[in-house]
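Trainee: Numbering (the working numbering), first residue to last: -19 to 498.
Among the hints, erroneous ones may be present.
[Unchecked claim] Label pairs and their calculated CB-CB ranges:
hint	residue 1	residue 2	range
1	D25	D138	37 to 47 angstroms
2	A89	H367	40 to 50 angstroms
3	A207	D59	35 to 45 angstroms
4	G71	G159	38 to 48 angstroms
5	A89	D363	43 to 53 angstroms
6	G252	E485	18 to 28 angstroms
7	D129	C180	37 to 47 angstroms
Derived from the structure by calculation, the hints contain no laboratory data. C-beta atoms are modelled at their ideal positions from N, C-alpha and C, and glycine is treated no differently.
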Amino acid sequence: MLSRSTAKTVTLALWLLGCADETSGPAVCDAPPEAENRRFVDRSDELGVTFTHHMQSDLCHITDTIGGPGACIFDFDGDGDVDVFIPDREGEQSALYRNDGDRFENVSAELGVDQPGDGVGCLAFDYDGDDDIDLFVTTIGTDQLYRNDGGSFENVTDDVGIGLEEGFSTSATAGDIDGDGDLDLFVGRVVKLETCPDECYLFPINCEAETSLLYVNEGGTFVEESAARGISAAEPTLAALFFDQDADGDIDLYVGNDMGLAFEDRMYINDGSGVFTDEAESRGYAAAGTDTMGVDIGNVDTDDAIEMVTSDFKERPTRIYNCLDPALPCSFEALPSESAQWVRWAIGLEDFDGDGDLDLFQSSGDVYDPERLGSANQLFDNDGQGHFSFVEPSADDGLAKLAIYRGAAFADLDGDLDVDVVVTVNGGTPQFLYNVGASGHSMLVDAGPRAVGARIKVRAGGRSLTEQVVLGGSYLSTSDHRVHFGLGEACEAEVEVTYLDGRVETALGHPGEVVVVR
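Given only the sequences and the hints, what does the whole structure look like? Please build it.
Mentor: This is the structure in structure tokens:
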């Protein structure tokens, strides 16, 4: 595999100046890495990861059932590798792990992000446009926003207008809804806890649902405008994602709700000015009867149309929504029956084996497991046409370990350019799953930390794959904003990035490179 020292960064500007010679014939590169029989190795112990999440009860109450934790993977100190933040509950220390290559050092207390309140999830996004990635923490109480100033953090919650709202927040997502160049913020909320019964309760249906929040970014300060922007329903929201669903050049919003028999999912379509209309029913996204926990998007069948996947409760399989024609309702199909074995939470479409198509990972964990028997995370391989098959893990695979999993985030943790996973454990220590099953080349494309909705097309080895930049999704978590592409045995890739404003930039990429296109 590529080591950190051999991973390279290529910028668009250098390529345009002639660093790539288009007349030199086919590129030649080293053979792809050799895969192990197992797919992931949990290296949490050897990396120095000692964080333990603290439940407040015995998994009997809703604040523990769906109260996280999530995880955020982002490069907070700008040193080229990604770091990891995991929130914890009231009175406990959250963890910000700085990636030092072979170790992860907990610097949360040093940098002042160890006590964000009663933490649930997180979103890493550049809210102030300075190219430092900031940290937003969803909580049971007042959500918190930490401004990143070159690798140090300042709590600016009250200064920017975030501290005016209290509630039970879950997943958050960011995107520029009104085309003014800065990132706006949607925060999903679940229930009004004061309306819940005093005795043991597990599900939101026993409580009064809550209205989610839409913060419009006014140049670095936020104004809550959910009702004015067309989002006013009170419902138990667990999943949310901004992306350009209808390919019209503006950001739309998917909202996934728990208790689907009473609360259908939403697909809010943007009119171009940042005002939304729910069109989930007409577009085939309503998904009545589901308990939507997590969401992700990706091009699973290489047709350049973006598909969406959502996780669900046990005995109901994971769904893939295919939307070839924005004028017609989306169709959906179920993953194999193994996908319904557990309660699933986080979900991610990534090319884990590097063969040029997107596979699927989902975290699993029961809602009430007082004996903590645990569930297994799952991986499904893509055959290249959008058909998935369950990967039965070997006994020594990181996927074989049982726990009560919740959040998951995806990124290259060790600099070899393939996709690793951080999976959180409710009441336990997270897994840092390092990918040892990749057998194809890989590269990353960095379209910028604020390029939500930008479409990245990569052509390599006779194949074409289109991905879209997103922030959030999964469950309570944020993955690296850079987009991973598996190249198979190809040694060269054409990269084309189409931004929401219509601007198109191109570059040439190679295995082991981070291609920066701005």
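Trainee: All the hints need checking, so say for each whether the structure fits it.
Mentor: Evaluation of the provided hints:
1. Checked against the given bound of 37 to 47 angstroms, the beta carbons of D25 and D138, roughly 39 angstroms apart, stay inside it.
2. Distance hint for A89 and H367: a CB-CB separation of about 48 angstroms, consistent with the stated range 40 to 50 angstroms.
3. The supplied range of 35 to 45 angstroms is met by A207 and D59, whose beta-carbon atoms lie about 42 angstroms from each other.
4. Range check, G71 to G159: about 42 angstroms between beta-carbon atoms, so the 38 to 48 angstroms window is met.
5. Range check, A89 to D363: about 47 angstroms between beta-carbon atoms, so the 43 to 53 angstroms window is met.
6. At roughly 23 angstroms, the beta carbons of G252 and E485 sit within the given window of 18 to 28 angstroms.
7. Distance hint check: the CB atoms of D129 and C180 are about 44 angstroms apart, consistent with the given range 37 to 47 angstroms.
In summary, this structure violates none of the numbered hints.
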